[in-house]
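S.K.: Following the hints, position chain B against chain A.
First to last, the sequence lines map onto chains A and B. Every letter in the first sequence is one number past the one before it in the working numbering, and letter 105, counting from 1, is 105. Every letter in the second sequence is one number past the one before it in the working numbering, and letter 76, counting from 1, is 76.
Derived by calculation from the structure, the hints in this document are not laboratory data. Predicted, not measured: the structure shown is a model, and the values here were computed from it. For each residue, glycine too, the CB sits at the ideal point set by N, CA and C. Misleading hints may appear alongside valid ones.
Listed next, the in silico DSBU-like pairs over lysine-lysine satisfying Cα-Cα at most 35 Å (straight line) [unchecked claim]:
1) B/70 <-> B/13
2) B/3 <-> B/71
3) A/68 <-> B/55
4) B/18 <-> B/55
5) A/76 <-> B/3
6) B/3 <-> B/55
7) A/76 <-> A/57
8) B/3 <-> B/53
9) A/68 <-> A/81
10) A/57 <-> A/68
11) B/71 <-> A/57
12) B/18 <-> B/53
13) A/81 <-> A/57
14) B/53 <-> B/70
15) B/3 <-> A/57
16) B/55 <-> B/13
17) A/81 <-> B/53
18) A/68 <-> B/13
Chain A is nowhere near these chain B residues, computed Cβ spacing over 12 Å in every case [as the list claims (entries may be wrong)]:
19) 12
20) 14
21) 30
22) 52
23) 62
24) 67
25) 70
26) 77
27) 79
28) 111
29) 113
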Amino acid sequence: GQNIDQPTEMTATEGAIVQINCTYQTSGFNGLFWYQQHAGEAPTFLSYNVLDGLEEKGRFSSFLSRSKGYSYLLLKELQMKDSASYLCALRGDSSYKLIFGSGTRLLVRP
Amino acid sequence: DVKVTQSSRYLVKRTGEKVFLECVQDMDHENMFWYRQDPGLGLRLIYFSYDVKMKEKGDIPEGYSVSREKKERFSLILESASTNQTSMYLCASSTGTGHNEQYFGPGTRLTVT
Numbered sequence: 001g002q003n004i005d006q007p008t009e010m011t012a013t014e015g016a017i018v019q020i021n022c023t024y025q026t027s028g029f030n031g032l033f034w035y036q037q038h039a040g041e042a043p044t045f046l047s048y049n050v051l052d053g054l055e056e057k058g059r060f061s062s063f064l065s066r067s068k069g070y071s072y073l074l075l076k077e078l079q080m081k082d083s084a085s086y087l088c089a090l091r092g093d094s095s096y097k098l099i100f101g102s103g104t105r106l107l108v109r110p
Numbered sequence: 001d002v003k004v005t006q007s008s009r010y011l012v013k014r015t016g017e018k019v020f021l022e023c024v025q026d027m028d029h030e031n032m033f034w035y036r037q038d039p040g041l042g043l044r045l046i047y048f049s050y051d052v053k054m055k056e057k058g059d060i061p062e063g064y065s066v067s068r069e070k071k072e073r074f075s076l077i078l079e080s081a082s083t084n085q086t087s088m089y090l091c092a093s094s095t096g097t098g099h100n101e102q103y104f105g106p107g108t109r110l111t112v113t
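For reference, chain B alone in the conformation it holds in the complex:
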């Protein structure tokens, strides 16, 4: 079974702090994604990566950056956390072949106070 893990289930940070969210997948998937999920808005894509060191902006990249130094790991960075970044953050990965469905991690609920 594909396993996508995220470093924390719950995180509380202060405004202005730098925040790192880590995601690791164990199935040698090419593609990795970061979403945020907010009530009534669904899942919105922040960034994705289709290869090591490659990244592309999603629909809402402002205030975020990413890093993919190894194939299995994709990090989301909030350079200076703000209260409007309080959300559920979901990481996903996909093979890049076949149906190319995405497999999701358990999510990190981030609260910025």
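The shape of chain A in the complex, shown without the other chains:
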């Protein structure tokens, strides 16, 4: 089977850096995604990792270690608008389906 774990809530300060971790167990692996979801809105795609290492996209970076079943999303220079839930999603054996974690609710304080 597949299992994804991420912290339920995190709090950080405007201007700081925050790292949101995601650990997973899976028999097959075809990529790991991060999505952002503001309250009451649809999830939006942030990043995709299929090979080990760091992918950087502006203020957001995502890291993957397949051997450790571990990923993190790094948010730099936090802004108030970054307050949202961040969803880790795994594409395992299927080329279509994603398995989502429960999400990490990030609160950015002034």
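M.R.: Here is chain B on its own, set in the frame of chain A:
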């Protein structure tokens, strides 16, 4: 930009009613998905479709059916709505190529009373 639209943002139905949730995407995507999202449980896949008239069960298909008669449209049907189907329903689509990331619609908050 990819656009995924859903027929209603909010819906209130009575127990036992048949409910139709419609989803339309405008980017000629092969794959379409229906999820429900509940606090603490994350997004759970109900059904998905990888082609017209093709469908596969997701993780929680009980009490639901789907229809995909045209490529751009994917409907979720609650045959006889029950209170435990009160939830946020999200539709998504993906190309089937490249990263194959999913694009989500705005969601339908369904309340069954």
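S.K.: With a cut-off of 35 Å on the C-alpha distance, tell me whether residue 3 of chain B and residue 57 of chain A pass.
M.R.: holds, 23 Å
S.K.: Going by Cβ atoms, does residue 79 of chain B stay more than 12 Å from chain A at every point?
M.R.: Residue 79 of chain B clear of chain A: closest Cβ-Cβ about 24 Å, beyond 12 Å.
S.K.: Could you grab the alpha-carbon distance between residue 76 of chain A and residue 3 of chain B and see if it respects the 35 Å cut-off?
M.R.: holds, 29 Å
S.K.: May I ask you to check that residue 30 of chain B keeps its beta-carbon over 12 Å from the closest beta-carbon of chain A?
M.R.: Residue 30 of chain B not clear of chain A: closest Cβ-Cβ about 9 Å, inside 12 Å.
S.K.: Minimum C-beta separation from residue 67 of chain B to chain A exceeding 12 Å: can you confirm that?
M.R.: holds, 18 Å
S.K.: For residue 68 of chain A and residue 55 of chain B, compute the direct alpha-carbon distance and say whether it is at most 35 Å.
M.R.: This hinted pair holds, its Cα atoms lying about 34 Å apart.
S.K.: With a cut-off of 35 Å on the C-alpha distance, tell me whether residue 70 of chain B and residue 13 of chain B pass.
M.R.: holds, 26 Å
S.K.: Regarding the pair residue 3 of chain B and residue 55 of chain B, is the alpha-carbon distance no greater than 35 Å?
M.R.: holds, 22 Å
S.K.: Within a Cα-Cα threshold of 35 Å, do residue 57 of chain A and residue 68 of chain A meet the stated pairing?
M.R.: Holds - the C-alpha atoms of residue 68 of chain A and residue 57 of chain A are around 23 Å apart, at most 35 Å.
S.K.: Would the least Cβ to Cβ distance between residue 70 of chain B and chain A come out above 12 Å?
M.R.: For residue 70 of chain B, whose nearest Cβ neighbour in chain A is about 19 Å away, the distance exceeds 12 Å, so it holds.
S.K.: Residue 77 of chain B clear of chain A by more than 12 Å, beta carbon to beta carbon?
M.R.: Consistent with the label, residue 77 of chain B stays out of reach of chain A, its closest Cβ about 21 Å off (over 12 Å).
S.K.: Could you grab the alpha-carbon distance between residue 3 of chain B and residue 71 of chain B and see if it respects the 35 Å cut-off?
M.R.: holds, 14 Å
The structure does not agree with the numbered hints 17, 18, 21 stated previously, though it agrees with the rest.
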